[in-house]
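Visitor: Given the sequences, and given the hints that come with them, work out the whole structure.
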Amino acid sequence: MIPVLYTDKEFLVCSKPVGTLSESPGLPDMLQEQLGCRFFPVHRLDQGTGGVCVLAASAYACTGLQKLFQEGQVGKEYLAVISGKPVEQNGSFRDYLYHDKRSNKTYVVKQKRKGVKEALCDWHIIGTAVFNDQPLTLVRVSLHTGRTHQIRVQFASRGFPLVGDRKYGSRIKASSPALWAYSLSFPHPRNTEKQVAVSSLPDEAFPWMLFDLSAL
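Using the numbering used here, read the sequence shown as starting at 1 and increasing by one per residue.
No lab work stands behind these hints, which were simulated from the structure alone. Hints may be right or wrong, so weigh each one.
[What the hints assert, rightly or not] Label pairs and their computed distance ranges (CB to CB):
#1 Arg-44 / Thr-128: 23 to 33 Å
#2 Gly-84 / Glu-193: 40 to 50 Å
#3 Leu-120 / Gly-84: 19 to 29 Å
#4 Lys-67 / Met-209: 33 to 43 Å
#5 Gly-127 / Arg-102: 34 to 44 Å
Glycine included, every Cβ here is placed at the ideal spot set by N, Cα and C.
Guide: Structure, rendered in structure tokens:
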């Protein structure tokens, strides 16, 4: 059963399970079987990332919602568990990123060139824990851009790979990288005076169960 967090005639917001595709055959098909209606994916989360996801009830509504994402009108926050502990309690990352489609891997580069996009996020520490004598840190990340693997590579490039993210250097085994789409906020496409704000917490599985998520 897919948890539905918000719904109206235009769209719904649900909590995508880790391991589920954002597109068909995946989340839209599962929701159609569950609710008996066709849905159109508005944006995409990586298969290994769970959390808040928006789907439209029509192609027309999908176009309007995608415009909000493209124009930067959507507030996006993620939770991540990183290896190690930053010295500062909060900070900002600004990088140039290049995504290699052949290897499906993103790299931090020094200069802007063809295929390179700027990436910006803010973060702050929520809590810390220890696993096998290694410090782990739960961070809350506000995304200002939406680049492929952005959070994963921005933290890994600074020596803090996400737990379970073997692609970007994690040495800790987990079923998937410890990344969760925590919240989305955006103006309702039909009534811009109405703000839609939805959040979702990860399941109590490793490594999330090491932290007190009630502090959020």
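Visitor: Could you run down the list of hints and mark each one as holding or not?
Guide: Here is how each hint holds up against the structure:
no.	hint	in the structure
1	Arg-44 / Thr-128: 23 to 33 Å	31 Å, holds
2	Gly-84 / Glu-193: 40 to 50 Å	44 Å, holds
3	Leu-120 / Gly-84: 19 to 29 Å	22 Å, holds
4	Lys-67 / Met-209: 33 to 43 Å	38 Å, holds
5	Gly-127 / Arg-102: 34 to 44 Å	38 Å, holds
Consistency note: the structure conflicts with none of the earlier hints.
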